[in-house]
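So the sequence lines, in the order shown, correspond to chains A and B. Number 246 in numbering that gives the first Met the number 0 belongs to position 247 of the first sequence; there are no gaps in the numbering. Number 116 in numbering that gives the first Met the number 0 belongs to position 117 of the second sequence; there are no gaps in the numbering.
Please note that the accuracy of each hint is not assured.
Said to hold, decoys possible - Distance condition first, Cα-Cα at most 30 Å in a straight line; then the derived DSS-like pairs of lysine-lysine:
#, chain 1, residue 1, chain 2, residue 2
1, B, 308, A, 150
2, A, 140, B, 386
3, A, 139, B, 308
FYI, nobody ran anything at the bench for these hints, they're computed from the structure.
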Amino acid sequence: MKRIKNYTNEYSMQLEIKNLSKKFNKDKYGLNDFSITIENGILGLLGPNGAGKSTLMKIIATISQPTSGTILFDGVDLSKDPNVIRKILGYLPQDFGVYPNLNAFEFLEYIAAMKGVGGANLRPRIEELLEGVNLIEVAKKPIGTYSGGMKQRIGIAQALLNNPKIVIFDEPTVGLDPEERVRFRNLISDLANDSIVILSSHIVSDIETIADKVALMKKGHLIQHGFPDFIIETVRDKVFESVIDSTALTAFKAKFLAVNVTRKKDNFLVRYIAEVPINNAISCPASLEDAYLYLTK
Amino acid sequence: MTSLKNIIRADYLQRTRSYAFLVTLLASIVIAYTFIPTPTSSYSTLRIGNYVGYSNAAWIGHNTAIMASVFLWLIGFYLVNDGIKKDKETGVGQIIATTAISNFKYLLAKALSNFFVLLTITIIIILMSFSLVLIRGTGYPINLLQFILPYLFITIPSIFCVSALAVFAEIILGRNVIIQNVAFFFLFPVLIGILNLNNNSKIFWFDVLGTKYVSDELISLVNHQFKENIITVSSGYLFGNNNSIKYFLFEGTNWSIIYIVSRFLWIGIAFIILFISAKIFNRFDFKEKLDIKKKRAKKIELQVPNNVKQIQLSQLPVATPTFGIWPFVKTELLMLIRMGPKWFWFINFGGFIALFFVPINSAHQIVLPVLWFIQINRWADIATKEKINRTHYFTYAAYQPLKRLLTAQMIAGVILSLSLASPLIFRYALNGNFQSVYNIIQGSIFIIALSVFTGILSGGKRFFEVVFFLLTYCNVSLIPILDYFGGINHGYIYSIIIMFINITLIIGAFVSRYHEIRNQ
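Throw the hints in and build the complete structure from the sequences for me.
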């Protein structure tokens with residue numbers, strides 16, 4: 000008989016990823032011997048393109064099979080019983096589409112049916128979600144007429160239909176304007192109270208603001224995992240700013256890891272990472288972005 | 000010239016590097032093999048009265064070139080009529096529109112890419128036919144010239160014309176794929192009809208397929224050799240009367256200059272078609288040109304007010320678990336119905352009414368398959384829309400996507416196909432002919448199972464569209480072996496065979512979707 004678990008607010012879940020690999024061809028790995036344990040809270044995934052973030056998220060979301068390794072959700076192997084997670088999963092893929100001939104209500108009802116939720120409360124729940132993502136006014140228009148940002152908001156609403164306990168957001172803030180991004184960050188913080196939220200973004204400041212823990216990935220490997228402060232620690236006292244003459248900039252960039260370059264008339268103000276800075280350099284407080292660029296260089 | 004070559008090359012590679020194209024090539028080998036039946040086969044493919052040629056290189060070359068010309072017109076259009084659509088869907092079109100390439104050059108590149116795709120299939124057919132010359136040759140010397148010239152004069156200009164026509168159709172009916180498919184379905188019999196006009200020896204000027212001239216040559220030869228008065232050549236899969244077949248020696252066609260000029264003329268017409276297409280091509284600025292659709296296509300953009308209600312997750316009404324499939328069936332049906340232009344339902348309604356009043360045999364053999372065929376885009380969409388609309392990340396991560404969603408998609412498809420056939424079902428039921436009712440139900444299931452299976456297997460709509468077009472064309476031509484809905488066959492054994500085919504297709508669909516879900 001299958002184990003049925005009631006995921007109440009007090010329940011602490013655990014997603015245990017052990018030696019996970021995804022091989023695309025003879026030489027190319029999407030993930031390579033990746034291990035991590037994820038518990039309630041927000042895990043921010045950071046890494047350059049091709050680091051394996053989306054591959055990891057797809058495998059956790061059960062739409063991709065690993066070549067080797069296991070994912071245990073509260074001890075249950077997801078490759079053997081993917082439906083365990085599907086009932087409580089909210090997933091926003093990076094590159095998703097919609098059915099253009101359906102309106103927002105119809106589309107969300109369809110996705111709700113996929114997730115196995117319904118009943119008398121479904122319609123009011125959809126209405127509240129559409130209000131929350133500011134689409135209620137256009138909810139009866141075909142989604143094909145929506146702009147990119149509006150489609151992204153429909154994507155966010157669908158992820159929350161089933162009161163998810165595992166939430167996976169792959170680049171969720173793409174296409175959102177600054178106000179929407181702030182609202183979305185608040186929403187994620189609310190979600191994380193009793194769920195596992197896995198979030199990837201290229202906007203390091205988004206991750207820095209909301210993630211409880213950060214996993215840094217590169218070429219399918221996990222290179223750092225921990226609290227943001229722990230990761231920032233790797234570049235503490237190594238971040239400086241100096242004014243560099245425009246003729247010397249190329250040589251400077253070849254010697255140091257420049258994380259930001261700002262033009263100042265004939266010179267450049269360069270923020271860089273170095274063990275030993277040049278003369279007259281100003282020491283700066285390190286950020287997660289500095290650590291990210293340093294560790295993934 | 001180099002840039003044109005590079006565009007054609009990239010486009011050709013993009014189209015041919017697909018599993019669907021590989022399947023098409025394999026299917027072409029099988030079909031080419033059937034072009035030359037063995038002496039014990041129950042059918043023939045080219046017959047002048049009761050006469051067929053000895054299987055020498057000239058006969059096999061002519062026979063297969065004629066069949067290839069007809070076959071590649073029949074399926075070629077459906078194989079290649081999405082080159083511009085792909086550019087639009089992928090956004091590449093927007094990039095192309097900003098480059099210096101002229102409309103004519105772009106469309107010529109598309110037409111030539113279409114042509115090379117069809118030429119690849121032609122080469123496969125030629126190779127298969129030549130191996131048949133070696134295997135089934137009847138001992139006469141191999142006349143290579145008379146083997147290859149029919150391809151050069153009949154097939155190649157023919158596929159060039161259909162390549163250009165596909166581009167033209169995309170330009171004028173780009174947004175209406177349904178209309179494109181249906182228009183071609185009705186155009187093809189007109190072209191074939193021209194071949195059967197036998198009272199004018201100069202008719203080959205109007206024959207884009209290029210087969211009329213050779214047919215007339217064959218008739219003259221047989222009439223002269225055997226003192227017959229035959230007036231038509233039959234081509235296609237011709238069943239029956241095989242016991243009365245007589246053989247004659249065919250050594251090739253005397254290719255007249257006028258005929259060759261007519262073939263060049265058709266190539267010229269193809270260029271004119273491309274030139275006209277270039278004049279009306281809107282360079283992917285669809286919204287500007289299509290005023291009727293302008294309102295609908297206008298994107299909505301909402302400003303975010305400051306007082307938008309924040310989502311309070313803990314305050315949201317709690318939806319209850321329900322794992323039934325009927326909400327899926329409802330939405331799938333809704334999507335099927337909403338596909339294509341609304342006015343198209345007037346045509347469907349016309350077909351629906353015709354099923355009530357047309358004599359029952361014609362209703363079953365002609366109206367029903369045509370009514371089902373004109374829904375081709377709906378059927379093709381059933382199991383491919385997830386990938387096309389990129390919603391598969393949602394659907395494959397759904398709870399029991401195989402058992403619930405795929406089943407619901409098939410049920411919705413069958414409900415629609417049966418609803419369209421319902422007047423005929425009603426008439427048969429009134430007559431107490433439940434065998435035919437059963438056959439139509441099996442036919443409905445067959446269309447859906449075939450579309451789902453081929454859609455998942457090939458990863459797109461194209462393969463199903465080609466197969467379904469061929470099936471429908473053969474069915475309205477009353478070819479018994481391909482009758483999947485009991486229009487001609489009424490025996491119990493036949494019904495059982497169709498049922499087993501349906502079960503196999505359904506199992507195949509579930510197995511392929513299972514693998515698709517697990518191997519993203």
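Notebook entry, point to check: Which of the listed hints are broken here?
Noted result: Violated hints: none at all, because every hint is consistent with the structure.
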